[in-house]
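K.L.:
Sequence:
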Amino acid sequence: MKKILMAVAAAAASLTGIYAMNITPRPLHDGDKIAIVSPAGPVDSTLVYAAADTLRAQGFLVDIMPYAIGRVGQYAAADSDRLADLRAAFSDTTVRAILCSRGGYGAVHLLDSLSQLPLQRDPKWLIGFSDISALHALLASRGIESIHGNMCKHMALGPDDDDNAMMLAMLRGYRPVYNFEADTLNRCGSARGRLLGGNLAVVAELISTPYDVIQPGAILYIEDVEEPIYKIERIMYQLRLSGVLPRLGGLIVGQFTGYKPNDSYETMERMIADMVAPYGYPVAFNVPVGHVDHNVPVINSAIVSLDVSPSGTCLSFE
1 MKKILMAVAA AAASLTGIYA MNITPRPLHD GDKIAIVSPA GPVDSTLVYA
51 AADTLRAQGF LVDIMPYAIG RVGQYAAADS DRLADLRAAF SDTTVRAILC
101 SRGGYGAVHL LDSLSQLPLQ RDPKWLIGFS DISALHALLA SRGIESIHGN
151 MCKHMALGPD DDDNAMMLAM LRGYRPVYNF EADTLNRCGS ARGRLLGGNL
201 AVVAELISTP YDVIQPGAIL YIEDVEEPIY KIERIMYQLR LSGVLPRLGG
251 LIVGQFTGYK PNDSYETMER MIADMVAPYG YPVAFNVPVG HVDHNVPVIN
301 SAIVSLDVSP SGTCLSFE
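Note that my numbering gives residue 124 to position 124 of the sequence shown, counting from 1, and the numbers run on in steps of one.
These are computed hints drawn from the structure, not numbers from a lab.
In silico lysine-lysine, DSSO-like type, Cα no more than 30 angstroms apart, as pairs:
| # | residue 1 | residue 2 |
| --- | --- | --- |
| 1 | Lys231 | Lys153 |
| 2 | Lys260 | Lys231 |
| 3 | Lys153 | Lys260 |
| 4 | Lys153 | Lys33 |
DEER-style ranges, computed between Cβ atoms:
| # | residue 1 | residue 2 | range |
| --- | --- | --- | --- |
| 5 | Ser190 | Ser80 | 42 to 50 angstroms |
| 6 | His294 | Gln74 | 22 to 30 angstroms |
| 7 | Pro261 | Arg26 | 41 to 49 angstroms |
| 8 | Pro246 | Ala57 | 46 to 54 angstroms |
| 9 | Lys260 | Pro159 | 33 to 41 angstroms |
| 10 | Leu241 | Thr93 | 41 to 49 angstroms |
| 11 | Arg87 | Thr184 | 43 to 51 angstroms |
| 12 | Pro66 | Leu241 | 41 to 49 angstroms |
| 13 | Arg87 | His29 | 20 to 28 angstroms |
| 14 | Arg26 | Arg270 | 38 to 46 angstroms |
We treat Cβ as the ideally placed atom computed from N, Cα and C, and that holds for glycine.
Turn these sequences into a full structure, and let the hints steer you where they fit.
P.N.:
Here's what the structure looks like:
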């Protein structure tokens, strides 16, 4: 056990360079402005307006950006227009948070242009998940924390929803401590490190780019939807062969949904458990993060402590 803990500590210590930075956007207060943008797919306008009403009822001002509602092919708007909305939101000093309306596909188109912005000069909260994992990766490459959490469809449910209430509390400065039920596939242990990850298919496409968040020493969290088991296994093999998978600080396996069993595995989780079996870091399964109704918000790029024990998993944000 001592050797395992030393190995985890050494892996965490190796998380250097840009991914060793930690910039927390300032907490929001009543009267602060939140911009709603659509960096990827098109969204139902009624959900955007309902989400805006929820935020206004909590004391925030809301700007629905000019190209947040619309459709151009499979996107909410042309690349240049989606980029213009995000550039304006990031550059506006009165905007303190940016809520992405939905995922889909298309955020990756904007990374190189957005990376030219002085994002660290005026860091602000970005909220979203799924394809928005690409934008979380951009901010993580600058050391800026962001919120991997629900978007307009869920925010439209109102502030009394537990996950919405938690996200709103995070925006106001709250750092959560989550306790999740034990899972039979869990591997016990403790680790401290930077929480990085998101939608696995999205972040895997960023491997070996300036926005690669699957870093040695990181506590990696992953989720996905409608990806066959063999495709996720192929990503896991890529991480193993690259030498990153053995050197994680810890692994949080969120919700993998919308797939079918194959001839080798009944569940995605069993395959992932087999892939990480040779390593000694803690692994938590069945964490409620992903394309599910109960999608708990987490702070991407934050320093966290992960404790996995026979009684359950504790994830605390520093």
